[in-house]
Amino acid sequence: MDTATPHATLAARPAGWTGVVADWSSDQRSFKGASWGKVMMWIFLLSDTFIFGCFLLSYMTVRMSTTVPWPNPSEVFALEIFGTHMPLILIAIMTFVLISSSGTMAMAVNYAYRRDRRMTTALILATALFGATFVGMQAFEWSKLIHEGVRPWGNPWGAEQFGAAFFTITGFHGTHVTIGVIMLLVMARKVWRGDLDAQRPGALTGRRGRWEMVEIAGLYWHFVDLVWVFIFALFYLW
Amino acid sequence: MSEIAHGAGGPIPAAEVPEMELPHPHGWWSTYVFSQDAKVIGIQYSLTAIAIGLVALVLSWLMRLQLGFPGTFSFIDPPAYYQFITMHGMIMVVYLLTALFLGGFGNYLIPLMLGARDMVFPFVNMLSYWIYLLAVLVLVASFFVPGGPTGAGWTLYPPQAILSGTPGRDWGIVLMLVSLCLFIAGFTMGGLNYVVTVLQARTRGMTLMRMPLTVWGIFTATVMALLAFPALFVGAVMMLLDRLIGTSFFMPMLVEFGQQLRHGGGSPILFQHLFWFFGHPEVYIVALPAFGIVSDLISTHARRNIFGYRMMVWAIVIIGALSFVVWAHHMYVSGMNPYFGFFFATTTLIIAIPTAIKVYNWLLTLWRGNIHLTVPMLFALGFIVTFVNGGLTGLFLGNVVVDVPLSDTMFVVAHFHMVMGVAPVMVIFGGIYHWYPKVTGRMLDDTMGKIHFWVTFLGAYAIFFPMHYLGLLGVPRRYHEIGETSFVPASAQDLNAFISVVALVVGAAQLLFLFNLVWSLRYGRESGPNPWRATTLEWQTPQTPPGHGNWGPELPVVHRWAYDYAVPGVAEDFVPQNQPHPAPGHAAQGHAT
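For the record, the sequence lines run as chains A and B.
Note that numbering that gives the first Met the number 0 gives residue 63 to position 64 of the first sequence, counting from 1, and the numbers run on in steps of one.
Note that numbering that gives the first Met the number 0 gives residue 585 to position 586 of the second sequence, counting from 1, and the numbers run on in steps of one.
Keep in mind the hints are simulated off the structure, nothing from the lab.
Note that CB positions come from ideal geometry on N, CA and C, so glycine has one too.
Any given hint could turn out to be false.
What the hints assert, rightly or not - Sample of chain B residues facing chain A (criterion: CB under 10 Å; computed from the structure):
(1) Ala230
(2) Asp241
(3) Leu269
(4) Pro465
I would like the entire structure built from these sequences, with the hints used as guidance.
So this is what it looks like as structure tokens:
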């Protein structure tokens, strides 16, 4: 079906740009060695990039269009911990957690290709746990801001677009993370039960289980991480 | 290059992708309703799109009745008129044209033309249709809610789209935005399938540069849609938030009936940028599949290989890329920085170059061709004429100084109806007349088809050509009634009445087409597998209509490009793509099977 052919079975292809052109215009497949599912995920992520890109550009536009001063994110997202005033501390921890989850995900993919069910399951679960922690901290952050009077239509410190952009963008990203966590839990179950070894068909789609699915799930997860880096830089640090 | 032009054979490569496992249907429901077969999904998409298109047709009648005979129909008050405009525009552009070209033709033709068994992810493909249907139902629901559908104009510009006073402000606009979001989600599922199928699931021998131009057009349009729809999605989500929970993304500070609204500080122009970043590629999302299909129709029915295939492909790709950097030519009068107009006018005019290449190549394909004036060919020729006509007025409107006085007049209405209304619809008709035999095994009735074509084609000119003059006189668009002005002569009203009468006649001709679709299903002439004697793979299937999986036990192997018509030295005037080359040395005797 859509399993990838090992590279060794393909004829030798030219290197560099000549190779790219040769691949694209070649027979049957434009991306040699990439399965249907993987190509589909990449193209989906490209499309999703445009969604987040539009959100971030819109946020920057309203930040420039409003005449009211923008609240200072370092102060808004500061916490008092043991009497110390620490700007952006929660966001720093959240970022650290999410980046760490990318690490465990990469290791899960590695173990998946070694067909190591136990380690793969453990690492996918660890990734999901990091992801859930991230969403949990985001929920804490939301409730803290709501307690302080931040609303999508206004806040005590300045431009009302601050709350609108904050809740929309982090909400959209948090939804992505949540969907990712659910997907990882399903995947962990598949790996643990041996569905991927047994090529058991999926409940909805009827596609046979393949170890590559772990990598495809990983692509999505890394993408969600990468998006966070941009949100972090453009919303919290600016 | 010579390999493509002459199809100089070469060894047939081994299959790189193992056979696909098809989700076979169990019983009636999974065969005809919840089918995972791309062909059934394509037909479902087409029928749904045609059904909602009929609603848009009736709306256009109502608008024309009001414009032609103002004051005669009391139920068409100004709010109703705005609702008709809005729904007509949105349905035609998104729910009819986009869905029919990509969801309908794309689903049916891509796997067949590429020699694939099906789309790569049939389940996701099925889901795509059902979400599209849901989007259509939500849209239709807005006719039945209190206040009716939104009357914001199809561009849905804020702030007026969500201010009280605009029709459908309470429910209509919300349902419209939700419906658009659903449509985009559903389309993404289908679109990913089309793109991956084209890139990764072609049969042996089907290189990208041997694909029929229909597939090239649909493929490029789908890639564009996957990158352009996100902007509309984001715009729709943010406007929903503005409307429902009171954010101010697009809402500046406003006073309404002496009351200051809670909104403030948002950017209305931001929505226009987001909308047109989607909206302009959307024009080509509709046009590129039309370009592709018309190329194949002309080549087949003129028995002539397409002129400059490689250039045609590059023109499609370049138009697709350029269409992402021209969006603000819809915004010359929006109040954006005037210097932007210079940039966007330049890119807009540049896009005329690849488009002109395509038109010249169609003409050169026809040149000294053996032209058969079949119904699909008539529609293809009708497309070229209307498209050139609409394209030329596009050059007028692309220039800032010409656009500013013409903006918001009937000239613009005439322009875009000609170029992206009439022209793509012509191709849809041509495509349906061309592929109906493959879908049903029967020909559509020729006489009804010719009547349909001539009434539609001449009628479209009678409707939209005079509209240019109305626009030059300064008749504004979006007006419920012109009334007394110092600059519009009374004769403009006579012209409006004439246009309205013709519009009713042209609409009636579409009912003849629908009757033909149903009548021929039962009484049409048996077509056989390849009535047009065409070369592309969909005509070479073992069964007509093709069964689930399209091909027999073996997938076809492609030996040549899609345009081997009237090849010198060959007895038949066409050579199917899957016919092998004769052994070396026998080439001169020809090879007719």
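Hint check results:
For Ala230/B, the interface hint holds, since its Cβ comes within 10 Å of a Cβ in chain A; the closest pair sits about 5 Å apart. Of the supplied interface hints, the one on Asp241/B holds, with its beta-carbon coming within about 8 Å of a beta-carbon of chain A, less than 10 Å. Evaluation of the Leu269/B hint against chain A yields a held restraint, the C-beta minimum of about 5 Å falling below 10 Å. Proximity of Pro465/B to chain A is violated relative to the hint, the smallest CB-CB distance being about 40 Å (cut-off 10 Å).
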